[in-house]
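**Student:** Each chain, letter by letter, is given below.
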Amino acid sequence: MKLKQLFWNFRTLVLVAAIIIALVAINPRPWNDGAAIRNVLHNSSAAMAGIASPGPNIAPVDRERIVAVNNIPVRNIAGYYDLTSGLQPNVSLTIKTTRGLYKVTTRPVYLVTVLPELENITVSETVLKNVTINGTANVVEETINITRAVNKTRQTVIGTEDIGISVFEAPKSNIRLGLELQGGTRVLLQPEKRLAKEDMVFLIDNMNQRLNLFGLSDVAIREAADLSGNQYIVVEIAGVNEDEVKELLAKQGKFEAKIGNDTVFVGGKDITYVCRSASCAGIDPQRGCGNDGQYFCGFRFSISLTPEAGARQAELTSNLQVVRQPSGESYLEKTLDLYLDDQLVDTLNIGAELKGSAVTDISISGSGTGNTQSEAVSSTLQNMKRLQTILITGSLPVKLNVISTDSISPLLGQQFIQNAFLMGVLSIIAVIIVLLLAYRNPVIAVPILVTSLVEIFIMLGVAAMIRQNIDLAAIAGIIAAVGTGVNDQIIITDEAMRGEQRQAHSWKDKIKNAFFIIMGAYLTLLVAMIPLLFAGAGLLKGFALVTIIGISVGVFITRPAYAKMIEVLTKQ
Amino acid sequence: MLGRAKTRLLQMYEKDYRKLLVIPFLLIVLSFLVIGLNYYNTGEFFRKDVSLKGGVTITIPGRAVDVESLEDSLSSNFLKSDVSVRAISQAGRQTGFIVDSGIEKDEDVDELVSLIEQKTGVLSKDDYSVRVIGSTLGASFFREAMMAVLIAFALMAAVVLIYFRNFVPSLFVIWAVFADILCTFATLVFLGESFSSASIAAMLLLIGFSVDTDILLTARVLKGKEGTVFERTLGAMGTGLTVAGAALAAVLAGFIFTQSETIRQIMLVLAIGLVFDIIHTWITNAGVLRWYLESKARQQ
Numbered sequence: 001m002k003l004k005q006l007f008w009n010f011r012t013l014v015l016v017a018a019i020i021i022a023l024v025a026i027n028p029r030p031w032n033d034g035a036a037i038r039n040v041l042h043n044s045s046a047a048m049a050g051i052a053s054p055g056p057n058i059a060p061v062d063r064e065r066i067v068a069v070n071n072i073p074v075r076n077i078a079g080y081y082d083l084t085s086g087l088q089p090n091v092s093l094t095i096k097t098t099r100g101l102y103k104v105t106t107r108p109v110y111l112v113t114v115l116p117e118l119e120n121i122t123v124s125e126t127v128l129k130n131v132t133i134n135g136t137a138n139v140v141e142e143t144i145n146i147t148r149a150v151n152k153t154r155q156t157v158i159g160t161e162d163i164g165i166s167v168f169e170a171p172k173s174n175i176r177l178g179l180e181l182q183g184g185t186r187v188l189l190q191p192e193k194r195l196a197k198e199d200m201v202f203l204i205d206n207m208n209q210r211l212n213l214f215g216l217s218d219v220a221i222r223e224a225a226d227l228s229g230n231q232y233i234v235v236e237i238a239g240v241n242e243d244e245v246k247e248l249l250a251k252q253g254k255f256e257a258k259i260g261n262d263t264v265f266v267g268g269k270d271i272t273y274v275c276r277s278a279s280c281a282g283i284d285p286q287r288g289c290g291n292d293g294q295y296f297c298g299f300r301f302s303i304s305l306t307p308e309a310g311a312r313q314a315e316l317t318s319n320l321q322v323v324r325q326p327s328g329e330s331y332l333e334k335t336l337d338l339y340l341d342d343q344l345v346d347t348l349n350i351g352a353e354l355k356g357s358a359v360t361d362i363s364i365s366g367s368g369t370g371n372t373q374s375e376a377v378s379s380t381l382q383n384m385k386r387l388q389t390i391l392i393t394g395s396l397p398v399k400l401n402v403i404s405t406d407s408i409s410p411l412l413g414q415q416f417i418q419n420a421f422l423m424g425v426l427s428i429i430a431v432i433i434v435l436l437l438a439y440r441n442p443v444i445a446v447p448i449l450v451t452s453l454v455e456i457f458i459m460l461g462v463a464a465m466i467r468q469n470i471d472l473a474a475i476a477g478i479i480a481a482v483g484t485g486v487n488d489q490i491i492i493t494d495e496a497m498r499g500e501q502r503q504a505h506s507w508k509d510k511i512k513n514a515f516f517i518i519m520g521a522y523l524t525l526l527v528a529m530i531p532l533l534f535a536g537a538g539l540l541k542g543f544a545l546v547t548i549i550g551i552s553v554g555v556f557i558t559r560p561a562y563a564k565m566i567e568v569l570t571k572q
Numbered sequence: 001m002l003g004r005a006k007t008r009l010l011q012m013y014e015k016d017y018r019k020l021l022v023i024p025f026l027l028i029v030l031s032f033l034v035i036g037l038n039y040y041n042t043g044e045f046f047r048k049d050v051s052l053k054g055g056v057t058i059t060i061p062g063r064a065v066d067v068e069s070l071e072d073s074l075s076s077n078f079l080k081s082d083v084s085v086r087a088i089s090q091a092g093r094q095t096g097f098i099v100d101s102g103i104e105k106d107e108d109v110d111e112l113v114s115l116i117e118q119k120t121g122v123l124s125k126d127d128y129s130v131r132v133i134g135s136t137l138g139a140s141f142f143r144e145a146m147m148a149v150l151i152a153f154a155l156m157a158a159v160v161l162i163y164f165r166n167f168v169p170s171l172f173v174i175w176a177v178f179a180d181i182l183c184t185f186a187t188l189v190f191l192g193e194s195f196s197s198a199s200i201a202a203m204l205l206l207i208g209f210s211v212d213t214d215i216l217l218t219a220r221v222l223k224g225k226e227g228t229v230f231e232r233t234l235g236a237m238g239t240g241l242t243v244a245g246a247a248l249a250a251v252l253a254g255f256i257f258t259q260s261e262t263i264r265q266i267m268l269v270l271a272i273g274l275v276f277d278i279i280h281t282w283i284t285n286a287g288v289l290r291w292y293l294e295s296k297a298r299q300q
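Chains Z and S are the protein sequences, given in the same order.
Its first residue numbered 1, the first sequence is counted upward by one per residue in the working numbering.
Its first residue numbered 1, the second sequence is counted upward by one per residue in the working numbering.
Treat the hints as calculated values from the structure; they're not laboratory data.
What you are looking at is a predicted structure, and each value in this text was computed from that prediction instead of being measured.
Fair warning: there could be bad hints in the mix.
[Claimed, not checked] Computed from the model, here is a short list of chain S residues facing chain Z with C-beta under 8 angstroms:
1. Thr136
2. Ala139
3. Leu161
4. Gly208
5. Gly235
6. Ala246
7. Ile263
8. Val288
9. Tyr292
[As the list claims (entries may be wrong)] BS3-like mimics (lysine-lysine), calculated; alpha carbons at most 30 angstroms apart, straight line:
10. S:Lys223 - Z:Lys541
11. Z:Lys246 - S:Lys53
12. S:Lys105 - Z:Lys399
13. Z:Lys541 - S:Lys125
14. Z:Lys251 - Z:Lys541
15. S:Lys223 - Z:Lys564
16. S:Lys105 - Z:Lys251
17. S:Lys119 - Z:Lys254
[Unchecked claim] Computed footprint of chain Z on chain S, listed as stretches where at least three residues anywhere in the stretch have a Cβ under 8 angstroms from a Cβ of chain Z:
18. 5-18
19. 23-34
20. 126-135
Idealized CB from N, CA, C, for every residue including glycine.
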C-alpha cells in the first residue's frame with residue numbers, strides 16, 4: 001500500500017522535475033535589456049574595435065548585448081539607433097556590452113573623383129622567378145617596385161560609414177523565435193544533381209563561410225529532404241531582409257582566370273590571400289565613378305596566388321607577343337579573361353613587363369551601377385564583396401537553384417506574437433466555459449487549466465533544450481498538443497466521476513481504462529505526424545516535432561500527475 | 001420542453017439507430033458528388049493555393065485597404081499573371097492584406113510590389129513579407145502532401161488494428177475516420193477554400209483527432225463490463241461530446257481571432273472536421289458497432 005502511494009508520488013515528482021528542467025532550459029530573464037548583437041560587419045569600425053559576431057549556437061540569453069553607448073544606457077534597439085545614427089566621421093564612441101568595453105571610431109565615406117592630370121605611383125609586387133642555384137632550378141619570391149602613371153584622384157567625404165553592428169531586441173529567455181516571429185529570410189535551394197554525403201557537408205561549410213564573410217553570422221544552413229528523396233538545402237537568416245544573399249548562395253562560384261583557352265588560376269584553391277581592407281580593396285581610384293545615362297563605379301582589390309598558379313602564368317605568358325598600343329603602352333597579345341560560372345565578367349590587359357614572369361599578386365576588378373551615385377557606390381561595393389567571398393571560398397561542388405524564398409517582415413512577426421498570446425488566452429477561456437457548462441463544477445476546470453499551462457511550459461522548455469525554433473507551425477503544434485491534452489484530461493475525469501456513481505471499479509481499473517483510450521489516441525496521432533517529419537523539404541517538420549513533443553510530454557509526464565490530482569480531489 | 005426533446009432524441013438513438021445510419025451515408029454520397037462535380041467543372045480535385053502550385057504571396061500587415069478595388073486595379077495593371085487579394089482580419093477587423101499571384105521571377109515581384117505601392121504608399125522592405133515558391137517546388141509539395149496524408153492514414157489504420165486486436169470493430173474505426181476526412185474535404189471544396197500545405201498538415205492532425213473519439217467509443221463498448229452496448233455507448237458519448245465541445249470551442253476561438261493565414265486554415269479544417277467527427281463517431285461508428293455486436297450476440 002505504501003509502495004503504491006510512493007509510486008503515485010513518483011509521478012508527481014517526475015512532473016516537478018520536468019518543470020524545473022524546463023525552467024532551467026528556458027532560463028527566463030525578464031530584466032534583460034539592451035540591444036543584442038546579431039552581426040558585426042567585417043572590416044567595419046565595430047569589428048576594428050574588437051567587437052565580434054556571435055557564434056551560431058550561442059543560447060539566446062547568453063548573447064552579447066550592448067548596454068550603454070557613451071555611458072548613456074541602451075534599453076532597447078530604438079535607444080541604440082538613437083545613439084548611433086547621424087554621427088559625424090572620426091567620432092569616438094564608447095560601447096559597453098555585457099562582455100566588455102569597446103572604443104569605436106566612426107569612419108568617413110569617400111567619393112573618389114578621377115582627375116585628368118596624371119601622377120606616377122610606385123607599387124611593390126611580389127613575383128616569382130626561376131633561379132638556378134647550384135645547378136638546381138628553384139622558384140624564389142622577389143619583390144620588385146613598378147612605377148605606373150595613373151590619373152590623379154580627389155577624395156571627398158560624403159558621409160559617415162555605418163559602424164557595422166546589426167542588433168535585435170535583447171532576448172528575455174532561451175525560447176528561440178522562428179523566422180515568422182522575428183522576421184528574416186529563408187531560401188530553399190536544390191542542387192542540380194545528387195550530392196554525396198561528403199559533398200553536402202563541404203557545400204554547407206562553404207555556404208556558411210560565404211555568409212560569415214558577407215557579415216552574416218546568425219544563419220542556419222541545413223540539409224533537408226522529402227518523401228520522394230529529393231535533396232534540398234534550407235538557409236535561414238534571422239532578423240534581416242537579405243534579398244541580396246540569394247545570389248551569393250545560389251552562385252556556384254566557379255571562378256576561372258584564363259589566357260585564351262588555358263586556365264591560369266581558379267577561385268579558392270589557387271588563391272592564398274584576398275585583400276579586403278581599405279588599402280587594397282574598394283572603389284578603384286583609377287576609374288572612380290561616372291555616368292553614361294546610369295551611374296556606374298569600378299572596384300578593384302588585390303589577391304595573391306599560389307606559387308604554382310604564378311608559375312602557370314609565367315609559362316603561359318612566355319610565348320606571347322608584345323603589342324605596342326597607340327597610346328604608347330605595351331601589352332601582351334592575349335588578355336587575362338575572368339570567368340564567373342562560365343560567364344565572362346572582366347578582361348584584363350597583361351602588361352608587357354609581366355611576360356614570362358611568375359606574378360603572384362594580381363588586381364581583380366569589376367563594376368556596379370545604380371540610379372544615383374550613392375546607389376552605384378553601394379552596388380559596386382556589394383559586387384566586390386560577393387566576388388571576394390567567392391574567390392576566398394572557391395566553387396561549390398554543384399550548381400544550385402533557388403526554388404523558394406521567403407522574406408518575412410519583422411513587423412509581421414511582432415503582430416503574430418501578440419496575436420498568438422491573445423488567441424491562446426481566448427482559446428483557454430472558451431475551453432473553460434465549455435468545461436464549466438459540462439461539469440457545472442469549477443473544481444474540475446481548475447486542474448485541467450493548470451495542467452494545460454504546465455504542459456505548454458514543459459513543451460517550451462523541451463523546444464529550448466533541443467534548439468527548436470518556435471514559429472507559427474510550432475505554435476500550431478502547441479495548440480494541437482494542448483487540445484489533445486484537454487481531451488485526455490476530460491476522459492480521465494469522466495472515468496473517475498463515473499466511478500463516483502458506481503463503486504464497481506477500483507481506482508486502478510478506472511485509470512487503466514482511461515489510459516487505454518489515451519494511449520490509443522496518443523499512438524495514432526503520433527504515427528499521423530510521422531510523415532511530416534520527412535515530407536516537403538522539412539518545412540512542416542517543426543509542426544510535427546512540436547506536436548509529438550507536446551503529446552509525449554502529456555502522456556508520459558503531465559497525464560499521470562493529473563490522474564493523481566483527480567484521485568486526491570475525488571476521494572475528498 | 002427541452003427535456004422532452006432530449007428524451008425523444010435518445011429514444012430515436014436507442015431504437016432507430018440503424019435508420020440514423022442513412023444520415024452519414026447520405027453525407028458520404030453528397031461528398032463524393034461535390035468532389036466529382038468540382039473535378040468535372042475545374043479539372044482539379046481542389047483549389048491549390050500558392051504553396052502547392054507555385055507563385056508569390058505578399059503579406060502587408062498593419063494596413064487596411066479595400067480588397068476588391070485593389071484586386072481590380074492590380075488585375076487590370078498587372079498582366080503577367082492572375083492576382084488575388086485577401087484581407088487579414090482579427091475578429092472581423094481588417095489588420096492587413098495578402099496579395100497572391102502566379103509569378104515567380106524577382107523582377108515580376110518587384111513590379112507587383114510597386115503596383116501595390118501605388119495604393120498604399122511607399123513600402124520599405126521591412127513593411128511586408130514576400131514568399132516565392134517555384135512552380136516545380138509547389139508541384140512537388142503537392143505530391144508530398146498527398147503522400148503524407150496516405151501514409152498517415154495507413155499508419156493510423158495499422159495502429160488501430162494492432163491496438164484493438166479485433167478486426168471488425170477496428171475496421172469501423174478506420175471507416176469512421178475516412179468518412180470524417182472525406183466529408184471535411186468535400187466541405188472545404190464546396191466552400192471554395194484553397195488548400196495549402198498548412199491545410200494538409202491540418203488534415204493529418206484531423207486524422208489523429210478524429211480517431212480519438214472512435215477509440216474512446218470502441219474501448220468503452222468492447223472493454224466495458226456493465227450495462228448494455230447502448231448504455232456503454234451513451235456513457236462514452238457523454239465524454240466524447242464534452243471532448244468535442246472543448247476542442248470546438250478552442251478551435252473556433254483560434255479561427256476567429258488569429259491573424260495568421262496558416263493558423264486560420266488549420267483551424268478551419270479542424271472545426272469542420274470536429275463537427276463531422278461527432279456524426280461519424282456517434283452515428284456511423286456507434287451504429288455499426290452496436291449492430292455488429294448485437295447481431296453477433298444473437299447468433300451465439
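**Student:** Now tell me, hint by hint, if it's right for this structure.
**Tutor:** Results for each hint:
no.	hint	verdict
1	Thr136	holds (7 angstroms)
2	Ala139	violated (11 angstroms)
3	Leu161	violated (11 angstroms)
4	Gly208	holds (3 angstroms)
5	Gly235	holds (7 angstroms)
6	Ala246	holds (5 angstroms)
7	Ile263	holds (6 angstroms)
8	Val288	violated (19 angstroms)
9	Tyr292	violated (19 angstroms)
10	S:Lys223 - Z:Lys541	violated (36 angstroms)
11	Z:Lys246 - S:Lys53	holds (22 angstroms)
12	S:Lys105 - Z:Lys399	holds (19 angstroms)
13	Z:Lys541 - S:Lys125	holds (28 angstroms)
14	Z:Lys251 - Z:Lys541	holds (27 angstroms)
15	S:Lys223 - Z:Lys564	holds (23 angstroms)
16	S:Lys105 - Z:Lys251	holds (17 angstroms)
17	S:Lys119 - Z:Lys254	violated (43 angstroms)
18	5-18	violated (count 0)
19	23-34	violated (count 0)
20	126-135	holds (count 9)
Of the numbered hints stated above, those contradicted by the structure are hints 2, 3, 8, 9, 10, 17, 18 and 19, listed in ascending order.
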